[in-house]
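Given chain A's structure and the hints, the job is docking chains B, C and D onto it.
4 protein chains.
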Amino acid sequence: MKNVFGNNLTLTLFGESHGPAVGAVIDGLPAGIRVPEEAVSAVMNRRKAYGRISTSRHEEDKVEFLSGIKDGFTQGTPVTILIRNENAERKDYTENIIRPSHADYTGLEKYRGYADLSGGGHFSGRLTAPLTAAGAVCLGMLEKKGITIGTHILQIRTIHDERFHETDPADQLNALRGKQFPVLSDQAADLMKHAIAEAADEGDSLGGILETAVCGLEAGIGEPWFDTAEGMIAHAVFSVPAVKGISFGAGFDLAQMKGSEANDAFTAENGKIKTMTNHSGGIAGGITNGMPVLFRTVIKPTPSIAKEQRSVDPETLEEKIIAVKGRHDPAIVHRACPVIDAVAALVITDLCIERYGALWFTEKDKR
Amino acid sequence: MKNVFGNNLTLTLFGESHGPAVGAVIDGLPAGIRVPEEAVSAVMNRRKAYGRISTSRHEEDKVEFLSGIKDGFTQGTPVTILIRNENAERKDYTENIIRPSHADYTGLEKYRGYADLSGGGHFSGRLTAPLTAAGAVCLGMLEKKGITIGTHILQIRTIHDERFHETDPADQLNALRGKQFPVLSDQAADLMKHAIAEAADEGDSLGGILETAVCGLEAGIGEPWFDTAEGMIAHAVFSVPAVKGISFGAGFDLAQMKGSEANDAFTAENGKIKTMTNHSGGIAGGITNGMPVLFRTVIKPTPSIAKEQRSVDPETLEEKIIAVKGRHDPAIVHRACPVIDAVAALVITDLCIERYGALWFTEKDKR
Amino acid sequence: MKNVFGNNLTLTLFGESHGPAVGAVIDGLPAGIRVPEEAVSAVMNRRKAYGRISTSRHEEDKVEFLSGIKDGFTQGTPVTILIRNENAERKDYTENIIRPSHADYTGLEKYRGYADLSGGGHFSGRLTAPLTAAGAVCLGMLEKKGITIGTHILQIRTIHDERFHETDPADQLNALRGKQFPVLSDQAADLMKHAIAEAADEGDSLGGILETAVCGLEAGIGEPWFDTAEGMIAHAVFSVPAVKGISFGAGFDLAQMKGSEANDAFTAENGKIKTMTNHSGGIAGGITNGMPVLFRTVIKPTPSIAKEQRSVDPETLEEKIIAVKGRHDPAIVHRACPVIDAVAALVITDLCIERYGALWFTEKDKR
Amino acid sequence: MKNVFGNNLTLTLFGESHGPAVGAVIDGLPAGIRVPEEAVSAVMNRRKAYGRISTSRHEEDKVEFLSGIKDGFTQGTPVTILIRNENAERKDYTENIIRPSHADYTGLEKYRGYADLSGGGHFSGRLTAPLTAAGAVCLGMLEKKGITIGTHILQIRTIHDERFHETDPADQLNALRGKQFPVLSDQAADLMKHAIAEAADEGDSLGGILETAVCGLEAGIGEPWFDTAEGMIAHAVFSVPAVKGISFGAGFDLAQMKGSEANDAFTAENGKIKTMTNHSGGIAGGITNGMPVLFRTVIKPTPSIAKEQRSVDPETLEEKIIAVKGRHDPAIVHRACPVIDAVAALVITDLCIERYGALWFTEKDKR
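Going down the list, the sequences are from chains A, B, C and D. Reminder that position 29 of the first sequence reads as 28 in numbering that gives the first Met the number 0, one-by-one numbering, no gaps. Reminder that position 65 of the second sequence reads as 64 in numbering that gives the first Met the number 0, one-by-one numbering, no gaps. Reminder that position 305 of the third sequence reads as 304 in numbering that gives the first Met the number 0, one-by-one numbering, no gaps. Reminder that position 63 of the fourth sequence reads as 62 in numbering that gives the first Met the number 0, one-by-one numbering, no gaps.
If you are wondering where the hints come from, they were derived from the structure by calculation, not from laboratory data. Treat the hints with care, as some may be off.
Unchecked claim - Where chain C lies over chain A, by a calculated footprint (3+ residues, C-beta under 8 Å):
no., region
1, 60-74
2, 113-121
3, 124-134
What the hints assert, rightly or not - Below are the EDC-like pairs computed for lysine to aspartate or glutamate, each with C-alpha atoms no more than 20 Å apart in a straight line:
no., chain 1, residue 1, chain 2, residue 2
4, D, K324, C, E260
5, D, K257, C, E307
6, A, K144, A, D364
Cβ coordinates follow ideal geometry from the N, Cα and C atoms, glycine included.
Only chain A is shown next, with the shape it has when bound in the complex:
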């Protein structure tokens, strides 16, 4: 498959930045799931551009449910999410020069010249709007089953937020709720915002590292080969534009540890098996162990910068100097957090349906 993801849930994204609309179809959602409009809006709002640390292209991103939902409940039929493009200023993007580290060149090769890549076309970050709306539906489903997901900015340049407590980040997840700039430490948040604003002033941009926690998953979810919990999450997370790496638990630090340091010793607590540390990020052998699933993703600096860069004209191969105009985000790390939450929610829902069946999520029949 291609622009389609999932085994039990199937999500297809569609649309181009400067076409009439972007959207998503999710098939496989069980019937009878409540989808409160305000819950979807809350997640969508966290993805919105805001202040001077974001693009000035402000879209309403009004989510229309074209199918699959009635009277606030899923019908069990495919759910179609539509978000119209209203504020496209195509003139901003008319140059025929491929922008460094953008998908301009790869899109040109992939689609052999036929794709409308203005504003990023089908590659545009705007596609994360329906993706986030779809994830919001899953976030609600999971919460009803005691599974919560949250993401914060762990690092921008040399500024670090406090880390999630590896064995119990539940309180920290609560503290993140509703934060438009999802950082645990207010002081770190201020420094990060300042750094982004500074980069914006220079016509430059920044990336960062995000940390995500999934709490409340039982042991036994995932597979030993191929559809490992790590592999499924990673597969989906690399769809979030600008993600260039993912690691679980202690991640790349494991290269410096010995087995005796890295292993998570077992203990029993209130009749339940737990680990005393969580360097494994809640997953062993591809399968959840009942501890929080913890992973980090690295987001590259947004490639659209006002500074001059070297490029070429893809037709003549002449070398050109380019300075990307238009409205751009000097950083998307904060806006990426709800998108990562959404993507994680889709994968976790898929894995839960695999393990427990779709009916696990339905509270009661309407008949």
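Just chains B, C and D, lined up with the frame of chain A:
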């Protein structure tokens, strides 16, 4: 799906460590691909345990092709690889205590007590033998089309190998061929081996970071959403036991860079578009850009260590002290390199079939 | 998967009869395919209700392409088809009694009471509008490669049309083009229309048998197991509402034949291998043999009839007498023909991409 | 996918008739399913050649479980079935002439000359041995949940068996158990055997129509589009070699009926909704309605006949006369019955996992 991977190629792994055999079935290989026995053996040999830095369980790992291959060529029908288990010493693994950071506990939960987990069962690293053999077939196919893949140990603890040249690692890939301990710098190799031997002496273990390069891929391979080149590779690579992270190009270092530093400027060379740096790891917007695909994976220290660790009895929940007996690897980083090569080859072959069709690989009809 | 079909092409249908819209997303279409609006309209028109032998619910069925098409060419990105529901008269369908041989009861059980089944909901024949539009795109692609598809009504009650010539129905396919009531013999057509009108007058309905031919396919397409050409076509064709059977070549008549009568002897014609008869319907061992693919489908009489029928109230289980009101088709056999063409085109396109790669269909790069 | 089937269960068939073995891998079976050896053997025995109405190639068809089963229970890991080829007499099949209505020619084209097609190669009916063994596992699982499946020969030439009672064939399914020649009426059975023996004497062969019933399925299983219950069953059933058609319920007879005759009126019985007739074959809108699922398949006469037939040499295109030597079945209708049962069981199991989750089948944890 579960223990099955791929869109155009479909690989299923089967078998348990202490069952009669482990194996794989690959469906979707085009007819008429030459599969030289010695080429498969060469890759398999690189995966073998050797010296005092590996387990003393030496398996012959004799690959039988039960179907799909005739007279050294693929028939186009499913290829079945069988490797019999001959040297299983089940007594080594009889304790009923779950080993920290192993799949003992997660396997118990996943399979509800029914899986034979002795020696790791279906989770065993032995399953990477048929996986590697399957990948060896693909490595041969790709090489005929000018696509080469290689992996070296970049780091163990604080010992670093030299890095791949980001824009042209072809010579380095050549230098790695046939190395049983795949490290570019001989000095680094000695230090790494020494560190592993030392950990072995302490009853401890080590992990490390591997770096992989794929050369010769054209621009245009992958998808913008979900089946991104990064997502497909990551999905598969997390199946390699002990992998806990993956990053592309500059990876987690991107968090510290500005856009003006991270972006890969374009240039033209001999009528072809290239980038001057390769912080993107050969992929933009999920699609290859014609530069080498570069990624790093982190391998955790092997969890089986002789040192005493805290654990519990999963039935009584009593706390226990465990020291893992049996024959184990103090490190698997070197043995993991050909496995990563194999997995990458499977994914790249899948993506090439997607792009070019299966017939692209067949040289000529036999009729 | 569920409401998603295809390996290389992925089609998802969405929408409810009385919701805001019905539609489809097709992923996997190669870039650079011309999609002439008038060609899509021509196929859509053949599906339209007309005259007194169809429902009086006349929808415009205006096809909007929300994504994936630009300047009349596919972009290579997912194509979204949207058809708004404008003429829904929900009041016609308000009774809470399950209609015999409709999906009312099975939909109630499947979706546990949460699906809006008015007007058939997601089961509605209206969903075949976007399905047909999607197929129309494929019909155009295939025609460019010399592959043509056509369906006629072979039988209604005891009235028979002439059969396709089993080894060369090309002229007959031409004769069918543009016929709103696709029957080869004008005399049979008149008798059939008369029979339908008569049934309508009685408040009753009719079904029939359709015959489809696919010309121009080369030998070698399909698989020996599971994804046989027959299995793939059948899987998709059973999605067309009211289809209850499918057979290839001589079909159920093979039960009465001996091997010496049923076997298709080979001959050579202009340097090409052909069969002298085509009882196999162009497929042997699941794989096309280069002869026309011929299959028949049986369509049950439309279940909505004005005559009184016995039913029950699904809540109280009380027995009830029901007479289905509202606007209904006394027969859909003629309207089903372009839908079968569309579905066949989707499957054949999928199989051709599998065999030849997606680029086979693209005429030239735009770059 | 190709030689792989299923959404929740994934079955891959492998092997060639004259290779070392044929086999299957099933992934997705829940852990803790009892697999009694004698139950598997019983189903396998029904598929065996016997008497003078079958081939004289008698294989032991000894089923080895190479993985996934331990102490008579599924482990939850992939189950590998291996059946060695012991009685291959390759010399019988050495002629280089393509046999009419066999897969010789299509296999040659598909695999471009590289496949070993002797004895049918990967197309051989021998592959139905592991397919049947895999289905036998599912038949056992389903029976524990009250779901039974049975198939009888409904028709050979003009000889008819009695039909299944459309609303309750349970007693008839019981009567079929253990019958080597599965026909309900003993008189019809004798006539059928006689007809087959007569065809054998003439060097000819026969086909027939099979009728299958699935009892005990609840309403609500299947999907409205694409993965309809009919489409899923049909997709799989066309993998059974020689099947050329399938119909559900009244099938092709529906073409002659009016809606008022075809519709299945509802009634209530013991607090459960039932239909008074079952022309729908237990499926409406693609979804089961709780009545028995009834379908018929047509099996073409076995193409290997001793009588002379016209063919060509595929290399020179010279016309040739061929008389197929070797050991062949004059009819496979009786041997096909357990294969259809097996295939139906695989699909029904897949659909049940979809609806109820895999854990539905597991009786209890072993922990």
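To see whether the hints hold, each was checked on the structure:
Coverage of the region 60-74 of chain A by chain C holds. Counting CB-CB distances below 8 Å, 8 residues qualify, and the rule asks for three or more. With 5 residues bearing a CB less than 8 Å from a CB of chain C, the region 113-121 of chain A meets the requirement of three and the coverage assertion stands. Counting residues of the region 124-134 of chain A whose beta-carbon sits less than 8 Å from any beta-carbon of chain C gives 0, not enough to reach three: the coverage restraint is violated. As the CA atoms of K324 of chain D and E260 of chain C are separated by approximately 18 Å, the hinted pair is consistent with the 20 Å bound.
For the hint pairing K257 of chain D with E307 of chain C, the CA-to-CA distance comes to about 13 Å; that is within 20 Å, so the pair holds. Between the alpha carbons of K144 of chain A and D364 of chain A the distance comes to roughly 17 Å, so the proposed pair stays at or under 20 Å and holds.
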